[in-house]
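Chemist: Here is how the chains run, residue by residue.
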Amino acid sequence: MNYYLLEDNLIQQDRIQSILKSCHIFDQPAALLAALQADTAPKIILLDLEIRTVANAGLNVAKMIRQFDILSPIIIVTTHSEMAAMSYQYQIGALDFIDKTQNEQQFKQRLTSAIAVAEQRIQTQDVAQAEMISLPNGQKSEQIMLNDIRYVTCNDSKSHLITVYCTHKSVQVRSTVKLLPTLHEDLIQIHAAYVINKRHLVSVDTAARTVQLTDQMRVPYSRKYFKMIRDLVS
Amino acid sequence: MFQFLNFFNALTWPMFESIVMLIWFRTLMGHHHFSRRIFLSAMCLLYVINMVGNGFESPLLRASVASTLSIFVLLLMGWQQNIVRSKRVILLYAIVSSLLSYWVINFEMTMTTLVNVPFVIKTSLDFLANVVAMLAALMVSRVKYSWLTEKFLERHPTQLHTLLFGSLFLRVLNDGLAYLFAVNQFSGSILWDFFLLVLIVGIIFVPVISNQHELLHDRINAHDVEMTATQNYAQQLEDKYSEYRFFRHDYQNILASLEYGIQSENMSDIKHTYYSVIQKSQALLPDAQLLNLKNITDTTLRSTILVKHQAALEKLITFNVDCQQPFTASAFEEDLNFYRVIGILLDNAVEAAEKTVEKTITVLMIDCEEIVIINSCTQDIDLTKITNFEYTTKENHSGFGLYFVKQYIKQHENIELATMIEKNHFIQKLTLEAKNQ
Numbered sequence: 141m142n143y144y145l146l147e148d149n150l151i152q153q154d155r156i157q158s159i160l161k162s163c164h165i166f167d168q169p170a171a172l173l174a175a176l177q178a179d180t181a182p183k184i185i186l187l188d189l190e191i192r193t194v195a196n197a198g199l200n201v202a203k204m205i206r207q208f209d210i211l212s213p214i215i216i217v218t219t220h221s222e223m224a225a226m227s228y229q230y231q232i233g234a235l236d237f238i239d240k241t242q243n244e245q246q247f248k249q250r251l252t253s254a255i256a257v258a259e260q261r262i263q264t265q266d267v268a269q270a271e272m273i274s275l276p277n278g279q280k281s282e283q284i285m286l287n288d289i290r291y292v293t294c295n296d297s298k299s300h301l302i303t304v305y306c307t308h309k310s311v312q313v314r315s316t317v318k319l320l321p322t323l324h325e326d327l328i329q330i331h332a333a334y335v336i337n338k339r340h341l342v343s344v345d346t347a348a349r350t351v352q353l354t355d356q357m358r359v360p361y362s363r364k365y366f367k368m369i370r371d372l373v374s
Numbered sequence: 070m071f072q073f074l075n076f077f078n079a080l081t082w083p084m085f086e087s088i089v090m091l092i093w094f095r096t097l098m099g100h101h102h103f104s105r106r107i108f109l110s111a112m113c114l115l116y117v118i119n120m121v122g123n124g125f126e127s128p129l130l131r132a133s134v135a136s137t138l139s140i141f142v143l144l145l146m147g148w149q150q151n152i153v154r155s156k157r158v159i160l161l162y163a164i165v166s167s168l169l170s171y172w173v174i175n176f177e178m179t180m181t182t183l184v185n186v187p188f189v190i191k192t193s194l195d196f197l198a199n200v201v202a203m204l205a206a207l208m209v210s211r212v213k214y215s216w217l218t219e220k221f222l223e224r225h226p227t228q229l230h231t232l233l234f235g236s237l238f239l240r241v242l243n244d245g246l247a248y249l250f251a252v253n254q255f256s257g258s259i260l261w262d263f264f265l266l267v268l269i270v271g272i273i274f275v276p277v278i279s280n281q282h283e284l285l286h287d288r289i290n291a292h293d294v295e296m297t298a299t300q301n302y303a304q305q306l307e308d309k310y311s312e313y314r315f316f317r318h319d320y321q322n323i324l325a326s327l328e329y330g331i332q333s334e335n336m337s338d339i340k341h342t343y344y345s346v347i348q349k350s351q352a353l354l355p356d357a358q359l360l361n362l363k364n365i366t367d368t369t370l371r372s373t374i375l376v377k378h379q380a381a382l383e384k385l386i387t388f389n390v391d392c393q394q395p396f397t398a399s400a401f402e403e404d405l406n407f408y409r410v411i412g413i414l415l416d417n418a419v420e421a422a423e424k425t426v427e428k429t430i431t432v433l434m435i436d437c438e439e440i441v442i443i444n445s446c447t448q449d450i451d452l453t454k455i456t457n458f459e460y461t462t463k464e465n466h467s468g469f470g471l472y473f474v475k476q477y478i479k480q481h482e483n484i485e486l487a488t489m490i491e492k493n494h495f496i497q498k499l500t501l502e503a504k505n506q
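Here the protein sequences line up with chains A and B, keeping their order. Each residue of the first sequence is one higher than the one before, counting from 141 in this note's numbering. Each residue of the second sequence is one higher than the one before, counting from 70 in this note's numbering.
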């Protein structure tokens, strides 16, 4: 596990290094980005939001990191407590938001627990499955991780709205069920109104005419697709 | 020659009638774009209906069948196209279009019976009247005024019912007169024709005018609310400012004692004062979570957010706005409905956040192209249902809000909405397109 820190204040650098011994420290965004791109090992990134030479550094650097690395946990370390943590979680998937102005003990505790959560997350995720697909939304599109998708269904036949059910979230966009299988070969249609991600297919219940997906989700299938589903399960 | 003319007229008459009816219907339904397939099949159906209707021997059937059936076809067409959710509104406009399409030809017939003209001239006058009716319908349809009364009528059922019964009555009366005309007991009256026209125009314009009146009224009210919100906000800023002044005063005191400690080189004094600074500064520093509105250059957007912010504060909800770069929705500046969409989404956010323990709303505005509203929410909401007509979590409410938003998004190509639920947070993300793209 490699740790990276972007921080231009010497005292704060020391402070964090005293907690995280093996931390690679950078005080300029460009150097950090280059180092991150060169490193293929799993990594945890700590960012300060304020770098004196660059305006809005933290957020912009995080966005740049996300362009080539969507998985590595990012932890924000800052004095900007008024900034909404929610905003960073949404925009760059920041894992945690740690306030530098806390006293030493609290700070250490928060940082170590955040690191622990990040390490755990890295262990549970499989880099090979981090494939993003672009989900059409009317004229626009939404990025979504393919492996997250459990199944997709439409609201009603006329509305042209579909809802994508993922592990921990659901997303509603303007699109059609029919269009989804064209996005990726793992998305397969099993019913006029349902498309599932075949990676999550567990079993078929012929009596209730449903398929079971991971996390106990059940989705109906229609007879037309039964053979194909049976072949997939066996 | 005469026979040919008669035959030609018999063929074209129903066609004119059906086209004119469809044009009126389209205009009255707010220029809804019907697909060509629907339009053509409706036209064929109307043609057959009018053809058959005019061919009946019995005067009673000839007077009523075609008009009734064509209203039915228009109603079905509007229904199938899902233009407005109220079938009564569609029915009203179907009746009005049928009244309008028959009016010109009725008027022409009245005129020709009053003045005795040879049969050839009468037939050509019939044809001419049909052409005039179509030109009139086309001309009105060129006026790209969106009537927008269907939403208004849905909100005012009494007015809708009065108009509907009025128009039904006119339709029945007209059919009755047509029957009398067919059995030669009634020779038509110009006065009645004009009176009828006035009534039809009245049916069309009463809701338009009351709608405008209501809009104006709403706008004045909204302005009042904005004024109050701005005043409250200014008051809150002043309060914060005095807190800062208070802190500054305290801070200077602490600095003075620190300096005294340093001069006398008394480490324990310095330590004591320093830790009191930390404690005090954490207790005293005013909460900086006021709004970050200065970057929202669009004043309407700013005041919309301000109004909802005040509403959220009253309900003890933490309301954050994160807008790092100047934000403006240039493509939507003229469109009041856009701000209504934002208002509805924020209202829903306030309402949902109020019920949670976390009570937070975060509004993100990113690069002039994304507005994201994130609120804490409690139960798992089923996304497949929320935009349905009748779905609502509010009491005494028709569940109009998200339905309106959905329709708006559907009608505008340069805006999209994605709705997400993630770990007890409800996220509405609007993606905008700049005007000059």
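Any given hint could turn out to be false.
Distance windows between CB atoms, simulated [said to hold, decoys possible]: (1) B/Phe473 with A/Met272: 49 to 59 Å; (2) A/Gly233 with B/Asn364: 51 to 61 Å; (3) A/Asp209 with B/Asn483: 57 to 67 Å; (4) B/Asp287 with A/Gln168: 35 to 45 Å; (5) A/Ala175 with B/Tyr320: 39 to 49 Å; (6) A/Asp355 with B/Ala303: 26 to 36 Å; (7) B/Glu491 with A/Asp209: 17 to 27 Å; (8) B/Ser399 with A/Glu259: 43 to 53 Å; (9) A/Gly233 with B/Cys113: 53 to 63 Å.
Lysine-lysine pairs mimicking DSS-like chemistry, simulated, CA-CA at most 25 Å apart [claimed, not checked]: (10) A/Lys309 with A/Lys338; (11) A/Lys203 with B/Lys309; (12) A/Lys367 with A/Lys338; (13) A/Lys248 with A/Lys318; (14) A/Lys280 with A/Lys161; (15) A/Lys318 with B/Lys479; (16) A/Lys309 with B/Lys309; (17) B/Lys424 with B/Lys363; (18) B/Lys340 with A/Lys248; (19) B/Lys479 with A/Lys240; (20) B/Lys424 with A/Lys240; (21) B/Lys492 with B/Lys384; (22) B/Lys309 with A/Lys280; (23) B/Lys384 with B/Lys424; (24) A/Lys309 with A/Lys367; (25) B/Lys340 with A/Lys309; (26) B/Lys479 with A/Lys203; (27) A/Lys338 with A/Lys364; (28) B/Lys479 with A/Lys309; (29) A/Lys309 with B/Lys428; (30) B/Lys309 with B/Lys384; (31) A/Lys161 with A/Lys183.
Residues on chain B that point at chain A, a partial pick, calculated with CB under 7 Å [as the list claims (entries may be wrong)]: (32) Arg106; (33) Asn493; (34) Thr500.
Everything labelled a hint here was simulated from the structure, so no lab data went into it. Backbone N, C-alpha and C fix where the C-beta goes; we use that ideal spot for every residue, glycine too.
Chemist: Hints numbered earlier in the text: which of these fail when held up against the supplied structure?
Modeler: Numbers 1, 2, 3, 4, 6, 11, 13, 14, 16, 17, 19, 20, 22, 24, 25, 26, 32 and 33 - these are the hints that the structure violates, sorted from lowest upward.
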